[in-house]
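**Q** Single-letter residue listing:
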Amino acid sequence: TQLLEQSPQFLSIQEGENLTVYCNSSSVFSSLQWYRQEPGEGPVLLVTVVTGGEVKKLKRLTFQFGDARKDSSLHITAAQPGDTGLYLCAGFPTSGTYKYIFGTGTRLKVLA
Amino acid sequence: EAGVAQSPRYKIIEKRQSVAFWCNPISGHATLYWYQQILGQGPKLLIQFQNNGVVDDSQLPKDRFSAERLKGVDSTLKIQPAKLEDSAVYLCASRLTGRGEQYFGPGTRLTVT
Numbered sequence: 001t002q003l004l005e006q007s008p009q010f011l012s013i014q015e016g017e018n019l020t021v022y023c024n025s026s027s028v029f030s031s032l033q034w035y036r037q038e039p040g041e042g043p044v045l046l047v048t049v050v051t052g053g054e055v056k057k058l059k060r061l062t063f064q065f066g067d068a069r070k071d072s073s074l075h076i077t078a079a080q081p082g083d084t085g086l087y088l089c090a091g092f093p094t095s096g097t098y099k100y101i102f103g104t105g106t107r108l109k110v111l112a
Numbered sequence: 113e114a115g116v117a118q119s120p121r122y123k124i125i126e127k128r129q130s131v132a133f134w135c136n137p138i139s140g141h142a143t144l145y146w147y148q149q150i151l152g153q154g155p156k157l158l159i160q161f162q163n164n165g166v167v168d169d170s171q172l173p174k175d176r177f178s179a180e181r182l183k184g185v186d187s188t189l190k191i192q193p194a195k196l197e198d199s200a201v202y203l204c205a206s207r208l209t210g211r212g213e214q215y216f217g218p219g220t221r222l223t224v225t
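The listed protein sequences correspond, in order, to chains A and B. Anchor point for the first sequence: position 83 equals 83 in our numbering, and the numbering is continuous, going up by one each time. Anchor point for the second sequence: position 105 equals 217 in our numbering, and the numbering is continuous, going up by one each time.
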């Protein structure tokens, strides 16, 4: 079974703190996407990482794709209450059934 | 560019009743997905269409769930009869062929009582 394990599963932090969310797999992915989902809404695409070792920045969010394209991380600097939500990584593994796989999710709550 | 549209946004039904959800994907997106999402979890794929053909319906409970995409654009997902455990958010997503990113609609929150 191809899995994308995210950690931590839950995270509650104070406004202004930094945090990192991890997305790990034993499979190689052609690309990985990160989504954020707010309550009552569908997931919203944040970024796609394609190249091993790639780093992308989106304001206070920094995304990194592992060199071997098996893992990714999301780092948030100076978290704000608006960052609260469910963070999901997802992608197509390069082998196997070629099904789009979602990570297990990280629920983030940023307290004002 | 308009996003993925879904309706209704909320639905409350009693068990054993029927319900249908509608999805209109982003124009030009050949691939359409229906997902079921239980609170706090990631989306679970129910069915994937490529144009109007089914690519993957391995996790669709076919005894009660059905979906169609007759003209390769809009899609409907039906549950008949509903069970309590069907209470969830049903998400529709579309994807441009050759790209990994999926674009999601706002979802339909179903409550079965």
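Think of the hints as simulated: they come from the structure by calculation, not from any bench. Errors might be hidden in some of the hints.
[To be verified] Derived list of chain A stretches under chain B, where covered just means 3 residues or more per stretch with a C-beta under 8 Å from a C-beta of chain B: (1) 37-43; (2) 85-91; (3) 99-111.
Virtual Cβ for every residue (Gly too), placed ideally from N, Cα, C.
**Q** Against each hint, give a clear statement of whether it holds in the structure.
**A** Status of each hint after checking the structure:
{"no.": "1", "hint": "37-43", "result": "holds (count 4)"}
{"no.": "2", "hint": "85-91", "result": "holds (count 4)"}
{"no.": "3", "hint": "99-111", "result": "holds (count 7)"}
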